[in-house]
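With chain A fixed as given, assemble chain B onto it according to the hints.
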Amino acid sequence: MWSGTPLFPDAVSTMAPRVDALYFYLVGLTAFFSLLIAGLIIYYAIRFRRRAPDAIGARIEGGTILEITWTVVPLFIVMSIFVWGASVFFAMSRPPDDALNVYVVGKQWMWKFQHLNGQREINELHVPVGRPVKLVMTSEDVIHDVYVPGFRVKADVIPGRYTSLWFEPTKPGRYHLFCAEYCGTRHSGMVGEVVVMEPDAFQAWLSAGGAEGSLASAGAKLFADLACNTCHRPDVQGRAPRLDGLFARTVTLEGGARVVVDEAYIREAIVNPGARVAQGFQAVMPAYQGLVTEEGLLQLIEYVKSLRSEERP
Amino acid sequence: MAHPVLLPPRHYLNDGYGVKSWLLTRDHKRIALLYLAGVTFFFFIGGAFAVLIRLELATPAGDLVSDDTYNKLFTMHGVMMVFFFLIPGIPAVLGNFLVPLMIGARDLAFPKVNLASWYIFIIGATFTMYSVVTGGLDTGWTFYTPFSTVSSTSAVVPAAIGIFITGFSSILTGLNFIVTIHKLRAPGLTWFRLPLFIWSHYAASLIMVLGTPVIAITIVMVAADRIFSFGIFDPSRGGDPVLFQHLFWFYSHPAVYIMILPAMGVISELIAAFCRKQVFGYTFVAFSSLGIAVLGFLVWGHHMFVAGQSVYAALIFSVLSFLVAIPSAVKVFNWTATMYKGSIAWETPMLYAIGFIGLFTIGGLTGLFLAAVGLDVHVTDTYFIVAHFHYIMVGGTIMAYLGGLHYWWPKISGRIYNEMLAKVSAAMIFFGFNLTFFPQFILGYLGMPRRYHAYPPEFQVLNVLSSAGASILGVGYLIPMAYLAWSLRYGRIVGANHWGAVGLEWTTTSPPPTENFAEPPVVTWDAYDYPTQVEGHVA
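Chains as they are written, first to last, in the working numbering: chain A, 87 to 399; chain B, 2 to 540.
Excised from the complex, chain B in its bound form:
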């Protein structure tokens, strides 16, 4: 290298230093970092609950914490992870940072609404944290009635208000993305030239806007039942507790796709960048995102196969659930095919992407067990389902989130982290994850129910393996936290295009200026259109 690379003289991080310049910013990149701080905080809170859960389950007897405490731990683990990490995680951090950069825009369509959505998120999280510190919540993250409405004595209402409020932040983010993608694309950037990251965020945004109001209404009904004894879900007042499950899953199943679709978008970007190659079957991958978003609204009943549903309703939900597997499979096959004759770099983000494909494949295939009604009866509400959704949510979404964070970190910070540590921790996370969750498939088929504080002793060995894996996984998550923070100040400065990737975000400086591009870009090429020679690449 002839001369050291310097940070650009002017970029979004040195455009004002005070607290006010952050808390009142309208820059999507700074708001993304505000979200990053928020979701990282809630991830480690949720993770701390998981550590306590796994410690308790290392022995069959309920001996570490009381049963009520255990019930609160798994509830708050779920609430924190789902509503305050997984749902906002990729869209509000990476999406916020990258959607305008990838489409050549100056910012999102509504910068003030974007900032408002962060404040709404924090206010909602504050309510939920209030319920955590004032005695906790013990309903399970699913809030099933009538337990949550008439039986639980824990702080249901503040937690519910928190989730209700946070929902609006999700709706506003989705709305902002939809309008931005429609209206602010650079000249020449047609729909079928968009990066697949944009397609998947667009699909997820549709779900956020259409699905989230349903959970908001449902939560209001739970609160009304609790405070005013409306009896909507209380059978002794003529209500129906199963109605709650329909309403809850009508949102919460699509919410799974809010969590996984943006992750799939990240993976498409990572595979393309580290194979230096166009994503195989671009249009099929793009439309599979929309297919998942649409079908995802039609499968909620598969959470209720044992809840007294009619046989025919169960069969319809079963067949639709199998159909949703097809677009997911299409993505996996296309990513694999993309690697064929690629120029594959074994960088940290690629390791995460490869890990994602493997774990998501297992997570998706074990979903077929649950869609098969006759088999779901045995495995639902057991550790099999716990393992399945952690393969999707942790093996899928968190792997993609970390992969994306590592990939765009040079863009976000202008610096690179310690790559050796990064690879070691990626390997630890992969190994720790599998050791934690694979034994749970076996436990589930053996019949160990989920949400059990104490369990029969014959299940102990598998639980000990799982707890051992969780400790490796926990350390694996702490290491990136440390070296990423360290790199912010001491990391080696890298150029505009550290990975030698194409994509509009790599054409501007690292970190980008507040207005993103010195000259508004004009696009005359397709996504992932790798030239014969990679230009602007400073390794």
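Chain A with its partners taken away, still in its complex shape:
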């Protein structure tokens, strides 16, 4: 009956052993304290069972030293768990700089993945082994959640904003990818697989098939189709800010606040440009809410990222 029934998940990312170590520490603590309490209760219940109908217990009111002990000792234990859990979380929250970016769009009830070179896939995500991969994710409708148990990573995929997660697979193979945030009728069908490949095989896979040019070039085409280039021009800074070299810079907004130009800011500047206007410009740009698909927005972002500038500091 138990053959084919795993009791412990695959551990196939660099993060998995770190999470598992913390898990074993907690399993140990749980077993120790559960058995201690259960053992004492059962022992007392037998040892001090009532022997005469009118018998009463000993008069013991309490003990301050004991109370302090079982307040302070658990406090130290839980703080050790906190620090350990926090350090794992810090590592999870900071993708390495050389991570391979893949864009993810969730919708009821499928996953759409776009690689930077334009390769797209649905409900399957191909990634190379031994290289950090960062997913930048959003949703077209309700909240979803990308969960790959073998990697011990999970993050909500939220409409209207970008979230991210990263992992570095350590073993080629096919692993479950689940939607972990309830999203309606076919929630349990919103599943897929992460296919971890040797780097060479991954490169071959990536360049095979009919990718129609990179995401940035698709973004450039969209940029022209939407006539963004009538105002956002590379040569003059007139009605709209120049976009070349803008990504990852800090800009000053009307009113003096400052913002780092990241994926979220570019997205907002397209769908709701009046929200945070750059200093020195009028809020004249129309809102593109609902006019550009989530995938189109990601292409535009990649296009803006690709606009490097030599002249600007």
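Do not rely on the hints blindly, as some may be mistaken.
[Stated by the list, open to error] With beta-carbon atoms standing in for the labels, derived distance ranges:
| hint | chain 1 | residue 1 | chain 2 | residue 2 | range |
| --- | --- | --- | --- | --- | --- |
| 1 | A | Y129 | B | A38 | 28 to 34 Å |
| 2 | B | G239 | A | G331 | 26 to 32 Å |
| 3 | A | R217 | B | L244 | 33 to 39 Å |
| 4 | B | V52 | A | R217 | 45 to 51 Å |
| 5 | A | M165 | B | Y120 | 46 to 52 Å |
| 6 | B | R238 | A | D348 | 21 to 27 Å |
Derived from the structure by calculation, the hints contain no laboratory data.
All residues carry an ideal CB built from backbone N, CA and C; glycine is no exception.
For chain B alone, kept in the frame of chain A given last:
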């Protein structure tokens, strides 16, 4: 026994017989029984949904019911159990019955408000039941936006109105308890002579009064988004879906403590009574209830570690969540220490209390896994969390509720149930519970997400174990229903103090008279002050 024990000639149950004498009663004891009827009904409705869920999950394919039906089953299981059983369960039934009796009062401070709160509860439940029978609700009991506001096609608004209305019953009950405990304590019954049951109900009442308005407002916003398309939680209108989660958990995490604090109060009473001994570290146990109530308001963000929260917000919520573990641990250690050198009777309520301590300990310790941010990322939204909160809610609250019901049943009814059946079913519930929920911890760490209608086949064996356990658990719950009902008419009549316990509720007759005490009591002793000889004890 020299002569058979008789019921007192006059008590609250024979003080009027008609339907009107019940539906218009202002007696807290009768209102408690009205609540008992209500929550028992909703418990078995919610339980029936659970049975169907476990039947569906016995096989990996989604083959018993459709996916939409499955989604409605787990939603309505959660809604019924949380809002109509767990939250009102112990306070509105046992609390209602016992708070005035334990403090030597004639009734609650506002008897008519108490009756009104029952009607509000029933009206709210009617709305929610309406949504159940007219197509059901499929948002999950958590109502996450924007699914609940723009995507779901099920009856969200009537269910939301039902929960909104029911909230007021909770607020009124909490208010009534707070005022009663402040103003109606018997002469001499100082705060530190109060039974711990009262302390824990006081703490839970504070949460009911302070937290429930937040869920009411949140639900109104969901309804406004659905009906009038306000877009508060809709990103395409500039709203924020995650804002909903903050508002929802700001109430719903403290609500966990509305469910568990009164249960802890019950356990303190049971341990003291069946050890015939003062609760070890009384003041620490009393203050730990207040500590839990206060800290409970500061930890809501731990439900949102993977919802795009900033790293630093996550760390603050993590550390606060660990702090809430301390007062809970203090209680467990004190209960255990109370048993040391007690005079421990293996009666049914004590079996439930012992079961509670064991299961609550596991439930609490597995909460540490979820408070550790880096580990929560893997296990949140999986069966691990399902197992964890069922250890707290079922292993904790329901064990305490049943233990309390068995303990005070002789007081409520004047009769005793079949003790053999009671012990057998308590053992079945303990065993069935563990078989149902322990495998879910393993499933969760393996990565099986919650709320899945169909699942990969390698998870089947553990799911079959869980479903098998659930069937034992289900039968375990039906047996007490049967023998308790039977005992109402045929049970052996017992005296005022069946267990030989101290506490003001045991000084009056069983069942008590409508006015509770023939003579208003004056208290000159501490709680659980067992004399050298137990008096008035008729076994």
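Hint by hint, which ones does this structure get wrong, listed from lowest number up? Hint 1 is the one this structure does not satisfy, whereas the remaining hints hold.
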